[in-house]
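Chemist: Take the given structure of chain A and dock chain B to it, following the hints.
One line per chain: the protein sequences are A and B, in this order.
First residue of the first sequence: 0, per numbering that gives the first Met the number 0; consecutive thereafter.
First residue of the second sequence: 0, per numbering that gives the first Met the number 0; consecutive thereafter.
No lab work stands behind these hints, which were simulated from the structure alone.
A quick note: this is a predicted structure, and the numbers were derived from the prediction, not measured.
Positions of the beta carbon are idealized from the N, C-alpha and C atoms, including for glycine.
Honestly, I wouldn't trust all of these hints.
Derived, one-sided and incomplete: chain B residues facing chain A with beta-carbon distance under 8 Å [stated by the list, open to error]:
1) D75
2) N104
3) V106
4) Y150
5) A256
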Amino acid sequence: MSLVADPGLVADSEEPGARSRGRGYGSYVVAKVLGSVGSLLFMLLVNFFLFRVLPGNAAQTLGRGRLNTPAQVAAFNKAYGLNHSVLDQFWIFLKSTAHGDLGLSVKYRLPVSQLIVDRLWPTLLLVGVSTILSTLIGVYLGIRGAWNRGSVFDKVSTGTSLTLYAMPEWWLGLMLIAGLGVGFAFVPGLFPTGGLHSPDIVDTNSVHGILDTIWHLTLPVITLTLAYLAEYSLIMRSSLLDELGEDYLQTARAKGLRDVVVRNRHAVRNALLPTTTVIALNIGFVVSGAITIETVFSIPGLGQLSTEAISTPDFAVLQGTFLVASAGVIGANLIANLIYGWLDPRVRT
Amino acid sequence: MSDASLLAIRDLHVTYATGDGPLPAVRGVDLTVERGQIVGVAGESGCGKSTLASTILRLQPSNATVSGTVLFDGRDVLTMRWGELRAVRWAGASIVFQGALHSLNPVHRIGDQISEPLRIHNPSLADRASRQRVGELLDQVGLDPQRARSYPHQLSGGQKQRVMIAMALACDPELVVADEPTTALDVMVQAQVLNVLSTLVRERGVGMMMISHDLSVLADLCDRITVMYAGRVVEEGPARRIFVEPLHPYSAALSAAFPRVGDPAARFAPSGLPGDPPQPWLLPGGCTFAPRCPRAAEVCLPAEPPLTSYGEERSAACVRIGEPDAPSVEPASGHVS
Numbered sequence: 000m001s002l003v004a005d006p007g008l009v010a011d012s013e014e015p016g017a018r019s020r021g022r023g024y025g026s027y028v029v030a031k032v033l034g035s036v037g038s039l040l041f042m043l044l045v046n047f048f049l050f051r052v053l054p055g056n057a058a059q060t061l062g063r064g065r066l067n068t069p070a071q072v073a074a075f076n077k078a079y080g081l082n083h084s085v086l087d088q089f090w091i092f093l094k095s096t097a098h099g100d101l102g103l104s105v106k107y108r109l110p111v112s113q114l115i116v117d118r119l120w121p122t123l124l125l126v127g128v129s130t131i132l133s134t135l136i137g138v139y140l141g142i143r144g145a146w147n148r149g150s151v152f153d154k155v156s157t158g159t160s161l162t163l164y165a166m167p168e169w170w171l172g173l174m175l176i177a178g179l180g181v182g183f184a185f186v187p188g189l190f191p192t193g194g195l196h197s198p199d200i201v202d203t204n205s206v207h208g209i210l211d212t213i214w215h216l217t218l219p220v221i222t223l224t225l226a227y228l229a230e231y232s233l234i235m236r237s238s239l240l241d242e243l244g245e246d247y248l249q250t251a252r253a254k255g256l257r258d259v260v261v262r263n264r265h266a267v268r269n270a271l272l273p274t275t276t277v278i279a280l281n282i283g284f285v286v287s288g289a290i291t292i293e294t295v296f297s298i299p300g301l302g303q304l305s306t307e308a309i310s311t312p313d314f315a316v317l318q319g320t321f322l323v324a325s326a327g328v329i330g331a332n333l334i335a336n337l338i339y340g341w342l343d344p345r346v347r348t
Numbered sequence: 000m001s002d003a004s005l006l007a008i009r010d011l012h013v014t015y016a017t018g019d020g021p022l023p024a025v026r027g028v029d030l031t032v033e034r035g036q037i038v039g040v041a042g043e044s045g046c047g048k049s050t051l052a053s054t055i056l057r058l059q060p061s062n063a064t065v066s067g068t069v070l071f072d073g074r075d076v077l078t079m080r081w082g083e084l085r086a087v088r089w090a091g092a093s094i095v096f097q098g099a100l101h102s103l104n105p106v107h108r109i110g111d112q113i114s115e116p117l118r119i120h121n122p123s124l125a126d127r128a129s130r131q132r133v134g135e136l137l138d139q140v141g142l143d144p145q146r147a148r149s150y151p152h153q154l155s156g157g158q159k160q161r162v163m164i165a166m167a168l169a170c171d172p173e174l175v176v177a178d179e180p181t182t183a184l185d186v187m188v189q190a191q192v193l194n195v196l197s198t199l200v201r202e203r204g205v206g207m208m209m210i211s212h213d214l215s216v217l218a219d220l221c222d223r224i225t226v227m228y229a230g231r232v233v234e235e236g237p238a239r240r241i242f243v244e245p246l247h248p249y250s251a252a253l254s255a256a257f258p259r260v261g262d263p264a265a266r267f268a269p270s271g272l273p274g275d276p277p278q279p280w281l282l283p284g285g286c287t288f289a290p291r292c293p294r295a296a297e298v299c300l301p302a303e304p305p306l307t308s309y310g311e312e313r314s315a316a317c318v319r320i321g322e323p324d325a326p327s328v329e330p331a332s333g334h335v336s
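Chain A with its partners taken away, still in its complex shape (with noise of 0.2 Å):
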């Protein structure tokens, strides 16, 4: 029954929802999809016409004086498809991305495309265990901190969490070689202090060398994660503070429920969307940040590749590793917008 006394009292004009309902998460994710395809797009564009707009002259940089005469530099340019107008080269560029094909290194004389796989997985490897551990742990200790403010653990996390914060992540790795790595006193190293793999292993995906490379890959993943899990542990530590006084909560508390479930249904669920967003983007970033961290620790990763390749230089290597890294930016930004969508029903109308 329908106790409203008056039914002019409840005029139809105060509906603002029935419109907004008919999109769902289905339209939203459609539509976050295309921009980032869109964004994709653009992305190749910059990455082939910046290039071209970079003074110089490929034939004379890459030739080293050696190309003197006009027929050793027309030979030159064939070979690497300058001879064409720079619109024909961007179709071909374009068409040759689409196939997979990156160009040729010039140090390594093998296909870019071929070289980024090897690299990628090394890479991956650090990246993804690093941040999956350093959401994990950063997320705790900011959720405890800020639920129990004030206590000893909240004091502890934190400040341990801006001392990380403050510290640059290749100091930290040198620190950790070290005290780890190299040993002190009449402590042995008890880590290597680089590498992938050691150089008695045969067979790397034989359980001896995969445990090898889990040795390997300790001290790296260590100070990745530490650097991240502070930056991660002081906004979701914020964020959930900036909850803790919403008047939803006091709703939860009067409804009975227990505080347990006021904190992980009502509260950690509001204050997960802006720690969502900066992991999501710091995955991408993370893949330029691990340069400094593989270098330091001799993974021949990613990150090392561009160094090498900025120091050869090596044109076609920078290029495609620039196209994974934005591209790596922009599957990030598409990941965090899908989960924010999921989490928050306000930014999918």
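Modeler: Showing chain B alone in chain A's frame:
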């Protein structure tokens, strides 16, 4: 005033510990709600009425020190164990919070938020039964049951407040505390929300404590009214009588603050009060209302006047009642319109 009352608050003191020292928000309040009775609590912001409401379910902030007793169904809420308290929360007494805009969780569907207390207090409830109950509740507050799938941001302020009412009635509580349920709503929607709330409460015989600064609204809806000023009760009595012929000068000021349509005298009567309520950490000596009182005299200054009976279930805390140019007290046969 026996323990058989639904809610019996006795000598309640609530003091907040702040950086500037103790802040007394509620100072010795007595209040009774019988089963099926609607009791209004009136007063300006900062008079302690919301603090009073929060202590009924022991929801006061952790920096508050509470003394006195809050007997709900004869059991003291302030000293009961956590498990017992959780059972009383919402199933025994529920709250319609002020600020409908923020009292619902923005990331959960309203249907889930309404069914949440149902499931907590009755874990064996089947999904279907709980969905059906949510539909009934939404229907009763005049919302389409399909709205259960909406999120709070898809509803207007009035709709959100009606969702809060549906939620408050979900577990068939014996007492509903409505803390300024219509703040931040426009006048038409206010009337509608109050209409839904009072009809449902009356029909089910639920006791209600209704908090508002608007004495005219309380006079319409309530059986009795308690007027609070600076953390104390200054007047208590039958709702219409307090509105029409207030004893305490503060009740008179609250009553005059809302013009009565068709009363030519009200157009020219002084309405409103000079100044603000006293800061709780700087209470004036003697009668706390004296600095703003149009009738203040020497006699008001030595001590805070106690709540004194004025026949016919009325009481007020003012020493000047009955003195010259005090509001006249009608005999018992007086009109109650």
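Chemist: Each of the hints needs a verdict: does it hold here or not?
Modeler: Hints versus structure:
{"no.": "1", "hint": "D75", "result": "17 Å, violated"}
{"no.": "2", "hint": "N104", "result": "4 Å, holds"}
{"no.": "3", "hint": "V106", "result": "5 Å, holds"}
{"no.": "4", "hint": "Y150", "result": "4 Å, holds"}
{"no.": "5", "hint": "A256", "result": "25 Å, violated"}
When held up to the earlier numbered hints, the structure conflicts with 1, 5 and fits the remainder.
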